[in-house]
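Given these sequences and hints, build the entire structure.
Protein sequence lines correspond, in order, to chains H, L and A. Under our numbering, the residues of the first sequence are numbered 1 to 506, in order. Under our numbering, the residues of the second sequence are numbered 507 to 824, in order. Under our numbering, the residues of the third sequence are numbered 825 to 1115, in order.
Derived by calculation from the structure, the hints in this document are not laboratory data. None of the values given here were measured: they were computed from a predicted structure. Beta carbons are placed, not taken as given, at the ideal position from N, Cα and C, and that holds for glycine.
Pulled a few chain H residues facing chain A out of the computed Cβ check, cut under 7 Å:
| # | residue |
| --- | --- |
| 1 | Asn218 |
| 2 | Ala238 |
| 3 | Ala239 |
| 4 | Val242 |
| 5 | Val245 |
| 6 | Thr246 |
| 7 | Asp293 |
| 8 | Thr365 |
| 9 | Gln368 |
| 10 | Ala369 |
| 11 | Glu379 |
| 12 | Ile380 |
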Amino acid sequence: MKLKSLLLGGAVALAGAPAMADDIINMATSFQIRSMDPVSQGFWMQEFGQGELLMKFQPDGTITPWLAESVERTDDTTWVITIRDGVTFQNGKVMDVPTVLAAIEYHRERNSGTQAVLPAEATFTQTGPFEITVDTGVPVPEMPSILAHESRLMIIDVEPVLAAGEDYEALEGAGIHTGPYKVVDLNDQRMIAERYDDYWQGTPAMAGVELRFVSDVNARILAVQNGEVDIALYPPIAAAPVFAVTPNVNLALGAPSTGGFLSAMDVTNGAFEEIAVRKAVMLAVNYEELANDVFHGAKIPATSLYNPRFPWAVENYRYDVDEANALLDAAGWVRDGDTRTRDGETLSVTLMIYPQQPDLVPLSTAMQAYLVAIGIQSEIVSVDNVTEATMNDLVEWDLAMVATGTATVGSVSGFLNRYVACEGDRNYGGYCNDRVQELIETLDVTVDEETRYDLLREIQTILVEEDPYVFNATILIERALTSDAWSNYVPAVAWNHIKYDTAPNE
Amino acid sequence: MMERGGLAVAILLRVAQALLTALAASVIVWAILPLAPGDVAERVLLGRGMQDITSEEIEATREALGLNEPLVVQFVTWLGGVFQGDFGQSFTSQAPVSQEIMERLPATFMLLGLALVFSIAFSLILALIAAAYQNRWPDHLIRLYTQIGAALPTFVFALLALTFVVVGFQMGRVLADPSWSAALIPAFIIGLDRAASWTQLLRAGLLEAMASGYAEVARARGASERRILLRHALPNAFLPFLTAIGISVGALIGGTPLIEAIFTWPGLGAYLLEALTSRNYPVIQGYVLIAAVSYVAASLLVDVVAMILDPRLRRQRS
Amino acid sequence: MTVLELARPSVSTVADRGLFNRLWRHRSGRAGLLLGVLLLVFAVLGTFWTPHPPDLPNYANALKPPSLTHLFGTDATGRDMFSRVMDGAQRSVGAALLVLGAVFFIGLCVGILAALAGGVTDVLLMRLVDITMTLPPLVLGFVVLGLLGPGLFNLLIAIIIGEWAYYARLARSLSLDAHARPHVIAARMAGVPGWQIIWGHILPGVALQLGIYATLQLGIMISIISGFSFLGLGVQPPAAEWGALLSESRLFFPIAPWLLIAPAFAIFLSILSANLLGNALRDVASPREAR
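Structure follows, in C-alpha cells:
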C-alpha cells in the first residue's frame, strides 16, 4: 500500500501537473473532508453535489420536497412521507422505501445530532409502495427541517456502508448517494467527483467536480485570480476592498443567512462565571460597526439571537458602553486605565477562533478593542476544531466564536438542543439554566405557532437580560468568491454549494 | 590496499555512529506522546467520531493501545512498530500516518532537492565569478547580493518574490500539484536566497586558496589565473564548502514548514503545521522522525563524501 | 618572566574602550554600530511611546497610503503601520536578544562545567548535547510549541531548548583549549585557587569567543522569531511583531503594498546591522582570523 502510493506519487510527479479540464467545476473550500465516514463526515456530501435529503431549504425560508414527493402532517404526532419514484443511487440501486428506512435507522442509531432532534419513541414504517408513515409519539413540529438538514438524515445506500465497516476508503466510488456527482477519490488535498449520468433530475451540467481543501486564505484568493479555481468558499469579507480592484475576482453575495458568528461563553470557569461580566460584554459590542465598517456592509448587524426577518426574533441586543462599565464597577471590578482588577485578579478572557473562517480574525480583533474599552484584557487562541478543543479541554478558553446558524434550515430546536440545552453535545460552555431547559423541552413538542413564538421570545429574553450565554456578534450573508466566468454564481443557502445545474455564466 | 581498507572501516564507523544518533533522536520523538497534554485514548475515540465516551471505553482503549505498560516497554513497542513502518494513526483522519507521510514526502523531496541543486549551482557560479574578478564590479555586485541575501530571512525573501514577481507576472500555479516543473519557481527562489551565504563562504575560501603559497608557485610557473582558480583553489575550498552545505541542509529541512506555507506547497512541512493546530501527535512524531533521519543521513552523506575526497579525514576523531 | 607574571590573566578584552574604538574604525563595524544603535533606540522608544496607538482599530481610517501623519500608511483596521512596526520591535528584536542571552548563558555554564568537571558529568552533559543536536534546527522548536501551544513565551522556551546545545559544545571546546594555555597552567602551578582560575583566566576568553558567535547568530534569532510568528505560532494578535505583521498584510497587498514592505524592511535592517556588527566584532576581537 505504501509502496504503491509512493510509486503513484512519483509517477504523477514526473508526468507533471494534469491540464485543467474546462468542463468540471473547480471549487476550493477552507475545510477538509476528513474521510468518507457517513456519521462524522457524511454531511459534506450534501454540500458538493454528492448526497441528497428528503427536503430542501430554500433561500426564501420555505422548505420544499427534494427526494420526497411530499411530506404531510396528518395530525400532531403523525407525518406521511411520500418518496419520489425513479430515483436511483449512483451505484444503480433503486431508491425505494426499504432503502430509505434503512438510511433513517442508520442515522438514528449512530448520529448524535439525529438523536437530539428525533424522539426515541418515534417510528418510521412503510405504509405504501412509496409511502412512509412516521409516528413521532410526542409532537415534532420541525419535522420538515429535520428532513432538510444535512447532518441529520442523509439518504444513503446503507448496505455498502455496513459492509465497509471502518474501511471508509472503500466507500470512494461505491456510489452510496443519489446526487448528480459521485465521489471517486478523496485524500487530504482534494475530493474528485464525476457526473452521474442517470441522475433523477436530469443530466448534470458539468462533467465533474474537483474540490480542493485550501486552508490558507491567501492561496484561496490567488487561486481564483489565477484561474486555477472557479469558486472559492469562505472568502475574507474584510478584504472586500481588495476584491474590488483585483482582476478576475468577484465577491458574490446571496441571501441573508440563518446563521451568524456566534459567541459562546464558558460559564463554568473563568471570567464568565459571573453574570455581570457576561451582560457587560454583550453591551460592549458595537454590532453596527461590525457589520457596516469591519465587514464593509456585507454582514447584517446582530440585533437578536435570530435573523431579524424571522417573526419570532426579539431584537434586544444593545450597544451601551456606559451601562457595561457600570455593571462591572458594581461587581467590584476596579478600573485602572485599560484593565480591571479585583482582589489582585485582573479581568481577562481568552477568545477562541479557528482558521477555516477567515472573517473570525478581524472579528476577534474588533472584539478585543470592544473589550479593552470596558477594561477587559484578552488574548486570542486559534484551534483546528472548536468542538474537539472544547469537549476535550485542549485549550483554556472563555469566548468561543463559531459560525453557526441559530435557525438552520428553519429549525430552532436543533440549535437549542445541541448548543444551549444542559446536555447538548455542542454545549461548549457548560451552560445549564433550568427555565431555559424547560422552555426548550416544551418547544420540542409544541405545534401551535403562536405558542412557539412566545416560548422562543422568552428564551431570547433570558439569554440577554437574565442569564446570557450565547449571542450573535454579527449575522451573515451567504457569500463566495468567483472568477469572471462564474460571476453569476449564487452563493448557497444551507451549504448546498453545488447543484445539478450549477454552471458558468452563459 | 591499506588505504581502501581504511576508507571502508572509516565509513562503517561513521555509519554506526549515525545509527546510534538516529536511535537517540527516536527517544526524543517517542517522548512527545507521553508528554502531551490530554488523554491519548480519549483523543483517539473522539477522532473516530464517538460521542458520550464512557470511562470504560477509555480504559479499554488504553489497554488496546498499550498505554498501561511501563514507559520503556511502550518505547520499545513503538520503535518496533517504526521499523515495520507503523507510525500509528492520525487523530483526525484515522488513516495510517506512514501512508499520509508517503503521500506527502515526494512533494517535499522535490522542492528541497531542487532548491539544493539551485543553491549549489548559484553559489558555485557566483563565487567563482567573484573570485575571478576580485575587487572589480562583478565582485562588488555579487558581494552586495550576499550581504542583502544574508540579511533577508528565506521566508521574507520568498514572500516578497512570490507577491511581487510570481503573482505580479502571473507565473506559476498557486495550488500546485507537486511535480518537478511546479517546484521550479519556488526552488529557484529558495535557492537564490540560500546561495547568498554559501557564495560568501566559498568566495572567501577561494580567495584564501588563491593567495596561498602553492598558488604563488603555480603563478611563477606561468599558469593562468583561471587555471589556478579551477585546478587549485576550487578543490581546496570545496571541502569546507561541502561541510557548510551539510549543516545548511539541516536548516533547510527545519525551515520546510515555513517555506511550504508561503508557497502553499502540499508537502510534509504543511502537513506538520496542520498537525500542530489540531494537536495531532502521531503526525508530529512521524514528521520529527523523518526530519531527524534525513538530517542524520545528510550529515552522513556529507561526511562520507568528504572522507572519500580527503584521506586525512578517515581517522576517527573524538 | 616569573611564574607569577605568567599567572596573571591576559588583559581582558571584554567590554573595554579599546574594543569599541576598534569597532568604530572598522568599516562595516561603524555602519553596524550606527544602525544597531538607531534600531535599539527605536525599539526601546516603542515600548512606551508611538506616534499613534498601535492596537486601537479606527475603521474610518483603514488602508490609507503613506503620508506625513502615517509614514507607513494604515492597515485594514485603521491602525498606524509605523506605530505597529515600532511597537513590534521589542518583540522581534528584544525577544531575540533575550533568547540569545539565555542560550549564551546556559551554553557557557554547561560548557565550562563539562570541560572542567570532566568524567561522568562531561560524558552525560555531552550526550545530552548530542541528543539535542540530532534534530535539525527548528524541529525541536516545533515540537515544543506543539506540546505547549502557541504564544511568545512558549516560543522563546522552544527556541532556547532547541538552540542551547551548540553553545554548550562550543563553550566546552573553548574551555578545554583555554585550560591548556600557558597562563592557566602557570596559575595552577602557582597555587591560584580553582574558582579564581575559572573566573579570571578561563571565563573571559571563553565568554568573549562565545559572545562573538552569539552576535553572529542574532540575525538568525530574529529570523526564527519572525518566522514562527508569521505562521501564527509565536506572538498572538493583536500584539505587533514583524513576522506577524507580514502575515496580516499579505491579503491587502494589491491595494496596500506598503503594509508588506514596511515590516520586511524592518527585519532586513535589523538583521543587516546584526550581521555587520557580528562580522566586525569577529574581525577586531580575533585579528588572527581577519580577512
